[in-house]
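Chemist: Sequence:
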Amino acid sequence: MLLPSIGLKEIPKNAVLLVEEDLGSIKSTFVQEIAFGALKNDKKILYISTKRSREDVLDQMSMLKMDGNCDGMVILGDFKDKVALMDLFHGNDPAAGHMYHIVDPSLNNIFDVDICIMDTFSSLFIEGDEHSMVESINSLINISRNNNTTFLLAADTGILDERVERIMRSMMDGVVQFKTQYTGGKITRYINIP
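The sequence shown stops at residue 261 when you use my numbering, and every number in between is there.
Treat the hints as calculated values from the structure; they're not laboratory data. Some hints could be false.
Here are the simulated EDC-like pairs of lysine to aspartate or glutamate, each with C-alpha atoms no more than 20 Å apart in a straight line [stated by the list, open to error]:
no. : residue 1 : residue 2
1   : Lys80     : Asp240
2   : Lys132    : Glu122
3   : Lys246    : Asp89
4   : Lys107    : Asp179
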């Protein structure tokens, strides 16, 4: 199992967690492994990819031998609209009009998911809208507490302003960092959980 190998028994419930690395695909593989493990435990997963199509996500999971039963997982691919994303998560607000079914007809109720993965969350805020990012994270925190949902936000480091990245980290319930260090012609990779 993936989590015990890095010193975690399980993913915390009702939490917003940041999974970050320099540009690369380790964070995506990590959150996909978590999703696949959760599916084996009959958890419902919503996987939102801002960079890849649904088919690309399924292909990568299949390549990594995670091609079992995906009936409990809804995958939204090529999702780039942060306004639509926040509308999606305000579906329990009667004023919002429950628009999530327009995004994907298989979403009966967005708040029935146990784990929501956003891969890659940071790309939604490349234009430097710090206020929008803070508001979005606060919304996800409220949803996690009120609806028993765990959010895993995968992020590339170095694409947002350093100050904005520090704000993002400070708002999270936990952070998992995949680090790469180049020294003496060698590449060293490690996991940091601050």
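Chemist: Are the hints correct? Go through all of them and say.
Modeler: Hints, verified against the model:
no.: 1; hint: Lys80 - Asp240; in the structure: holds (10 Å)
no.: 2; hint: Lys132 - Glu122; in the structure: holds (15 Å)
no.: 3; hint: Lys246 - Asp89; in the structure: holds (7 Å)
no.: 4; hint: Lys107 - Asp179; in the structure: holds (17 Å)
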